[in-house]
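Chains as they are written, first to last, in this note's numbering: chain A, 2 to 272; chain B, 0 to 363.
Wrong hints could be hidden among the right ones.
Here are the simulated lysine to any residue pairs, SDA-like style, with alpha carbons at most 25 angstroms apart [as the list claims (entries may be wrong)]: (1) B/LYS140 to A/ARG75; (2) A/LYS220 to A/GLN193; (3) A/LYS80 to B/GLN116; (4) A/LYS80 to B/ASP327; (5) B/LYS298 to B/ASP327; (6) B/LYS136 to A/ILE81; (7) A/LYS80 to B/ILE126; (8) A/LYS76 to B/ASP327; (9) A/LYS84 to B/THR228; (10) A/LYS57 to B/GLN116; (11) A/LYS80 to A/GLY18; (12) A/LYS84 to A/GLY244; (13) A/LYS84 to A/ARG72; (14) B/LYS59 to B/ALA49; (15) A/LYS76 to B/LEU132; (16) A/LYS80 to B/SER122; (17) A/LYS57 to B/ASP327; (18) A/LYS80 to A/ARG120.
Quick caveat, the hints were computed from the structure, so don't treat them as lab data. None of the values given here were measured: they were computed from a predicted structure.
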Amino acid sequence: MSQSLIRVENLSFAHGGHQVLDNVSLNIEQGKITAIMGPSGTGKTTLLRLLTGQLKPNQGNIYFAEQCINRLSRKELYKIRRKIGMLFQNGALFTHLTVFENVAFPLREHTQLSESLIRDIVLLKLEAVGLRGARNLYPSELSGGMARRAALARAIALDPLLILYDEPFTGQDPILMGVLVKLIQELNEVLQSTTVIVSHDVPETASIADQIYILAGGKVVGAGHPSHLMQDPNPHVQQFMHGLADGVVPFHYPAPELRADLLSAPGEVND
Amino acid sequence: MGSSNTVFYCQGSWTQLENTRLQQTLASIKPQSSQPLIIDGSQLKALDSAGALLLSNFAKHWESRGYEVQWSGFSETHQDVFSLIKQYRAESLPSSSSQSLNTLQLLGMRSVRLAAQLLAYLSFVGIICYEFLGWCKAPLKIRFRSISHNIQTTGTNAIFIVALLSFLIGVVLAYQVGVQLRNYGANIFVVDFLGIAILREFGPMITAIIIAGRTGSSYAAQIGTMKLTEEVAAIQTMGLSPVEVLVLPRITALLIALPLLVILSEVLGLIGGMMMAKAMLSLSFNDFMHRFRYAIDLKTFLIGLVKVPVFALLIASIGTFQGFQVRDSAASVGEHTTISVVQGIFMIIVTDAAFSILFSKLGL
Chain A
2 MSQSLIRVEN LSFAHGGHQV LDNVSLNIEQ GKITAIMGPS GTGKTTLLRL
52 LTGQLKPNQG NIYFAEQCIN RLSRKELYKI RRKIGMLFQN GALFTHLTVF
102 ENVAFPLREH TQLSESLIRD IVLLKLEAVG LRGARNLYPS ELSGGMARRA
152 ALARAIALDP LLILYDEPFT GQDPILMGVL VKLIQELNEV LQSTTVIVSH
202 DVPETASIAD QIYILAGGKV VGAGHPSHLM QDPNPHVQQF MHGLADGVVP
252 FHYPAPELRA DLLSAPGEVN D
Chain B
0 MGSSNTVFYC QGSWTQLENT RLQQTLASIK PQSSQPLIID GSQLKALDSA
50 GALLLSNFAK HWESRGYEVQ WSGFSETHQD VFSLIKQYRA ESLPSSSSQS
100 LNTLQLLGMR SVRLAAQLLA YLSFVGIICY EFLGWCKAPL KIRFRSISHN
150 IQTTGTNAIF IVALLSFLIG VVLAYQVGVQ LRNYGANIFV VDFLGIAILR
200 EFGPMITAII IAGRTGSSYA AQIGTMKLTE EVAAIQTMGL SPVEVLVLPR
250 ITALLIALPL LVILSEVLGL IGGMMMAKAM LSLSFNDFMH RFRYAIDLKT
300 FLIGLVKVPV FALLIASIGT FQGFQVRDSA ASVGEHTTIS VVQGIFMIIV
350 TDAAFSILFS KLGL
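For reference, chain B alone in the conformation it holds in the complex (with noise of 0.2 angstroms):
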């Protein structure tokens, strides 16, 4: 870009390339006044239509200003590009037409958001009651083969992960109460606290957030995925209920396998914490599954494991609804995958509490 006399050359490449190098020249060009303003294109190489509209903004600051623009010496083709662009060109900036929405606003949209789901959900669990009654009543259509198969993914692989996380956990929690008990000499009553703490709420509850992330979430993308490839869709035209054939074997496989693994857990997390206690407090094993079996009656185990049920219907009901909700995108399945754990975690810690509210009012 060359000035003299106000005449403006442009030169080299004005391209998106070079768009910033540019913009800041064009900035810094402030022309002498009471004369007119000439654009010289003649020795431009290559002009597109990010130049041309930088090259026309530039003009239009100037003409409102009360320069007079002239241009000059531009070729055919790039006055083609000008003339594109003059096409669309505003002449004055438009009133913005919407206005972005008030905090009043989208809490409403939340909210009626959130009910529609909720109703959607609600239904979504009638349809599997209805199928399960057509089960109950055809136990011969039971897909026995389909649930064997997913209680082998969500139930045996996911053995070893339970187990360990559970032992780790009965190995913390035998660490920590063990300082504050051996301040009163009270060593012995780790058992208690191990046993009734794990029997009735972490075994439950952990095994519960482990498989709420593992298999509530493969649920959700699984359903999601078959989704988008049509495959619902497919089980739809062949006159079979997609409820039915993905639903059902997969929630009465969490049904089955949940409390199996919830058990596993407990005992591990009993083991850590026996090897904790032995290590920490010299109790000895014998002496931890004496205390153990004088402590702790089956009950609590019971207490704890009446939850479970209910924790297995929430993630695979969750998890496979939310696999429904997929639409479109590859995205959207990423999208659900995440909500399916949230809302499976969330469900999991909001029934424990009410189970808690309700064991305390029956005095259990």
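Looking at chain A on its own, in the form it has when it is part of the complex (with noise of 0.2 angstroms):
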């Protein structure tokens, strides 16, 4: 067993009320590719904000690197967050700067290279996702599919030792999917980094990945291989893994009997 680059512990979070993690521990092995899966709103990106220390936790403990994420101070933090690169759910491509600039950015700012070095790495990230030739686009002339891949060129412009993807393969056509598939794969091998995928599309996450942890209601439900959680038989997992309409995972949003919805006078808030 290779040695683990972040251990979550004991982790519970709330807001507002609301349980969004209870208990979770985690283990993310170097160099492997960890995902995090689960049905919309258990609280996966809540997660990735937890790791990387955007949110403070209410119990338990965070270890990047034996380094207790958590009770860094704000210099120390900072630290660790560039040897992080995100990919956000929609790129978070900086609006006013071109492709060229977004990706240079993180470069600008955390290192003293000249400028014809920072071209040479610039170009050889856009190349690397494929995007060398709309360098001079602004995001809002990319495709959402271009955005995303020029997002991931500018979150691995450090050389990442941890990448996080939070939801990389939503609202892709089969085609862009199959493509960061391969490139998630590709640079995970490359870099040697670490990758933590947030996702909840099953089969391409489950092609790639060699551990899923599937979230529920804030709590691990299971944990594995994806070949070995294809046949998990807790029916949370069975549910998620083979995208079953109803189960243990209600349709409804937790809510007060309709006909007391219904027969409220408008305007009253019920709760």
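Mind docking these for me? Both chains are given alone in their own frames, and the hints should help you get the complex.
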């Protein structure tokens, strides 16, 4: 068993009186692709934010290379974040900068490289995602898939130890989905980095992940290799991996009974 | 809908589109007493949940008045619609569990929210100061490019509007005062008035208010949108401080641009007043300038200018702060942009009043 890069121990997080994560423990191994999966709204993105220290847990600890993320000072946290690349759901490219400048941004911020070296690195990264020719475009001129790839180039600009992907496959056409799957796998190998994917696209994620954690209702309900999880007897895991419409995960968001809702006078708040 | 012997035939489409008409028809029906009420659906063309709800409400209404209601002739599909409704239908009105908040509770909630906002703003100001210290320690880190870009958008691009409005205000002031002064033959004192009023109050305040509307709001909208597109979060995950990257250049830019705009505004305001004085009071430019040099000293100008950096800090910090308050939706961007303008203008006037009190205590 290889060394772990991130250890999450008994993590709990509540937001606005709602328990988002409840006693979650994970182990993310170095150099591997780990996926965190689960239905929408089970706190996957929250977990990512906790991993990067944007949120502080109510309980439990997160260790990144044996450093406890949630107890670091601001300065140390910022230092660690430079080793983490993150791909956001909608790319989050800076709209006032070109693709080239977007990818160059972290390099300019964190290194003292010469302009010609920055140019070389940026072009290499853009080549890796197939967007070298689009370097002078602005984000508004890119299609959704191109924006995501450009953002990926920016995320790997500093050769991060860890790359986090927030729903990389959502809303992509099948071809692009294939491209992204291949890219993620290649980058993980070439950069020898560790990859964490948060996703609910089962087949794509299962095809490249070494380890999958399934979250449901803020808890880890299943963990293991994809092929192993497909046969997991846990009903949560079954429902999710096989995409069943109804099961232990209810179709309805918790609500007062419909009739009570219908009969309450308009304008009243029922809670 | 036809009726004979208390059999009611439903005809045509009982759908949402027809709902109003059906409701009126049903309301006008009064069945004869002591006979069972039969509702027949055999001639029904279409039925949706709205129609079914209407019909079952009708039945319930008469059942509660002691009528026996019988259903007949409904097709299987239509019965399915009824069963869907019945599943959720209330047997009786549940007592309403919530009550609307009274005035005192609302006042309390608002106060708590306001206090929380104030606290958040103060800690935001704290972060700004901390990051400024960082800049002071390492001047090479100062984002000159971003600052100059912001000076361009907040300063240079505002020159025309500030100049025009200030000129017009100068004209208006001279006119209003001129009417009074002419009665006493004290024409020349229009210079004293214009000089003091524009240099001490109107120049700084009018410019600040224009910029609060123009720049404060754009700061809020820019940062708010960046928050929605997760650009702010992206900056954070790159190990950078969003305040340092986004707020400091904007504040610095306004600190530089606003005093310059104020001076421009004062010059244009005086020119406007001067032209009006000539047209109305026959006061030549020469006399105006002569009197101005005699009546207005440098102190007046400086007292007006002292307030300007404070206005700039207020406008920029409130605008950027409101930008960071944006959550989740485009509507929130609009909301916080509005708040930034309202609070900005409010704070400018309050601060100006505070300065007036301070100056009067100091005897300036």
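Taking the hints in turn, this is what the structure says about them:
A distance of roughly 18 angstroms separates the Cα atoms of B/LYS140 and A/ARG75; the hinted pair therefore holds under the 25 angstroms criterion. Under the criterion of a C-alpha separation no larger than 25 angstroms, the hint pairing A/LYS220 with A/GLN193 is inconsistent with the structure, at around 30 angstroms. Distance restraint check for A/LYS80 and B/GLN116: the Cα-Cα separation of roughly 30 angstroms exceeds the 25 angstroms cut-off, and the hinted pair is therefore not satisfied. For the given pair, A/LYS80 sits about 28 angstroms from B/ASP327 by alpha-carbon distance, which is inconsistent with the 25 angstroms threshold.
Simply put, B/LYS298 and B/ASP327 have alpha-carbon atoms about 49 angstroms apart, too far for the 25 angstroms limit, and the pair is violated. For the given pair, B/LYS136 sits about 22 angstroms from A/ILE81 by alpha-carbon distance, which is consistent with the 25 angstroms threshold. Distance check on the hinted pair: A/LYS80 and B/ILE126 sit about 18 angstroms apart at the alpha-carbon level, within 25 angstroms; holds. Taking the CA atoms of A/LYS76 and B/ASP327, the gap is near 28 angstroms; set against the 25 angstroms cutoff, the hint is violated.
Restraint check for A/LYS84 and B/THR228: satisfied, since their Cα atoms lie roughly 23 angstroms apart, inside the 25 angstroms limit. For the suggested pair A/LYS57 and B/GLN116, the alpha carbons sit about 21 angstroms apart, so the restraint of at most 25 angstroms is met. The straight-line distance between the Cα atoms of A/LYS80 and A/GLY18 is roughly 32 angstroms, outside the 25 angstroms bound, and the hint therefore fails. The suggested pairing of A/LYS84 with A/GLY244 is violated, with an alpha-carbon distance near 35 angstroms, which exceeds 25 angstroms.
Annotation: proposed proximity of A/LYS84 to A/ARG72 holds, straight-line Cα distance about 17 angstroms (limit 25 angstroms). For the hint pairing B/LYS59 with B/ALA49, the CA-to-CA distance comes to about 15 angstroms; that is within 25 angstroms, so the pair holds. For the proposed pair A/LYS76 and B/LEU132, the alpha carbon gap of about 14 angstroms is at most 25 angstroms, so the pair holds. A hinted pair counts as satisfied when its Cα atoms are at most 25 angstroms apart, and A/LYS80 with B/SER122 qualifies at roughly 23 angstroms.
Between A/LYS57 and B/ASP327, the direct Cα distance comes to roughly 20 angstroms. Compliance with the 25 angstroms bound is thereby established for this hinted pair. Our distance criterion of 25 angstroms between C-alpha atoms is met by A/LYS80 and A/ARG120, whose separation comes to about 24 angstroms.
The structure fails hints 2, 3, 4, 5, 8, 11, 12 (numbered hints given earlier, in ascending order).
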